[in-house]
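Next come the chains, spelled out residue by residue.
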Amino acid sequence: AQSVTQLDSQVPVFEEAPVELRCNYSSSVSVYLFWYVQYPNQGLQLLLKYLSGSTLVKSINGFEAEFNKSQTSFHLRKPSVHISDTAEYFCAVTRSGYSTLTFGKGTMLLVSP
Amino acid sequence: KAGVTQTPRYLIKTRGQQVTLSCSPISGHRSVSWYQQTPGQGLQFLFEYFSETQRNKGNFPGRFSGRQFSNSRSEMNVSTLELGDSALYLCASSLVVDNSPLHFGNGTRLTVT
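Protein chains in written order, with my numbering: chain A, 86 to 198; chain B, 536 to 648.
One should not assume that every hint holds.
The list that follows gives simulated cross-link-like pairs (lysine-lysine, DSS-like), each with its CA atoms no further than 27 Å apart [unchecked claim]:
(1) K190/A x K154/A
(2) K154/A x K134/A
(3) K548/B x K134/A
(4) K592/B x K548/B
(5) K190/A x K134/A
(6) K592/B x K143/A
Label pairs and their calculated CB-CB ranges [unchecked claim]:
(7) K592/B x P198/A: 43 to 49 Å
(8) S614/B x T140/A: 41 to 47 Å
(9) S111/A x P574/B: 44 to 50 Å
(10) R598/B x Q156/A: 38 to 44 Å
Here's a subset of chain B near chain A, in silico, CB distances under 10 Å, partners left out [said to hold, decoys possible]:
(11) G563
(12) L578
(13) C626
To be clear, the hints were calculated from the coordinates, so they are not data collected in a lab. Note that the coordinates shown come from a computational prediction; the quantities given were computed from them, not determined experimentally. Backbone N, C-alpha and C define an ideal beta-carbon position, used for all residues, glycine too.
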């Protein structure tokens with residue numbers, strides 16, 4: 086079975102500051118990793134995914150995450166956040182050949198002016 | 536292309552009643568999954584359907600059931616509602632079962648009183 090740990094339940098940050106949201110996973114088999122974002126009263130939106138290939142993946146809105154197999158991590162980073170990035174971010178894992186996701190508890194990113 | 540559509544958006548039910556939630560996947564998506572989201576437990580997998588067959592099931596009691604129709608639309612049913620069933624129920628669809636990213640709807644907010 087897989088598990089995901091998001092150590093920070095809340096991360097407050099000022100606008101234009103850099104941010105890192107941490108995600109560690111546990112699995113005995115090959116995995117695929119995802120970051121989803123949830124805005125208030127909405128469902129989850131896929132932010133970025135790692136399936137194979139380059140360990141650094143990027144989203145269209147400036148977020149990036151790096152798959153680190155040795156540290157079993159998939160941390161999400163953004164060099165400069167905006168107020169509109171305020172949302173809850175979920176890290177998720179699935180094993181190869183499956184689509185069922187195991188989610189972390191989520192990290193609330195709070196961006197203030 | 537229309538996204539995943541869930542109806543209704545909000546529901547209020549009384550303990551002991553039963554409820555049916557509906558999900559229309561993105562056109563062409565044949566896999567539909569359901570997740571329960573609560574503040575305490577986070578996002579938990581309920582079940583997954585592909586071509587009208589249940590492919591995978593999470594650790595929920597038998598009061599939770601689902602089905603998928605030939606047009607890939609899906610419904611989930613919860614019988615004998617309990618207060619603890621109050622949650623946001625999210626439906627997600629994907630193109631094929633293996634490793635395709637899940638696309639989520641905005642959910643149905645169920646409140647049990």
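Cross-check of the supplied hints:
Under the criterion of a C-alpha separation no larger than 27 Å, the hint pairing K190/A with K154/A is consistent with the structure, at around 21 Å. Pair hint K154/A plus K134/A holds up; C-alpha atoms about 15 Å apart against a cutoff of 27 Å. Annotation: proposed proximity of K548/B to K134/A is violated, straight-line Cα distance about 37 Å (limit 27 Å). Of the supplied pair hints, the one linking K592/B and K548/B holds, its CA atoms being roughly 25 Å apart against a limit of 27 Å.
For the hint linking K190/A to K134/A, the alpha-carbon distance of about 18 Å falls within 27 Å, and the restraint holds. As the CA atoms of K592/B and K143/A are separated by approximately 32 Å, the hinted pair breaks the 27 Å bound. Taken as a hint, the range 43 to 49 Å holds for the pair K592/B and P198/A, whose Cβ atoms sit roughly 46 Å apart. Against the hinted window of 41 to 47 Å, the Cβ-Cβ separation of S614/B and T140/A comes to about 46 Å, which satisfies the hint.
For the pair S111/A and P574/B, the supplied restraint of 44 to 50 Å is violated, since their beta-carbon distance comes to about 23 Å. Taking 38 to 44 Å as the suggested C-beta distance range, the pair R598/B and Q156/A conforms, at roughly 41 Å. Taken as an interface hint, G563/B does not check out: its beta carbon lies about 15 Å from the nearest beta carbon of chain A, beyond 10 Å. Hint status for L578/B: holds, given a least beta-carbon distance of 4 Å to chain A, under 10 Å.
At its closest, the beta carbon of C626/B sits 8 Å from a beta carbon of chain A; the interface hint therefore holds under the 10 Å criterion.
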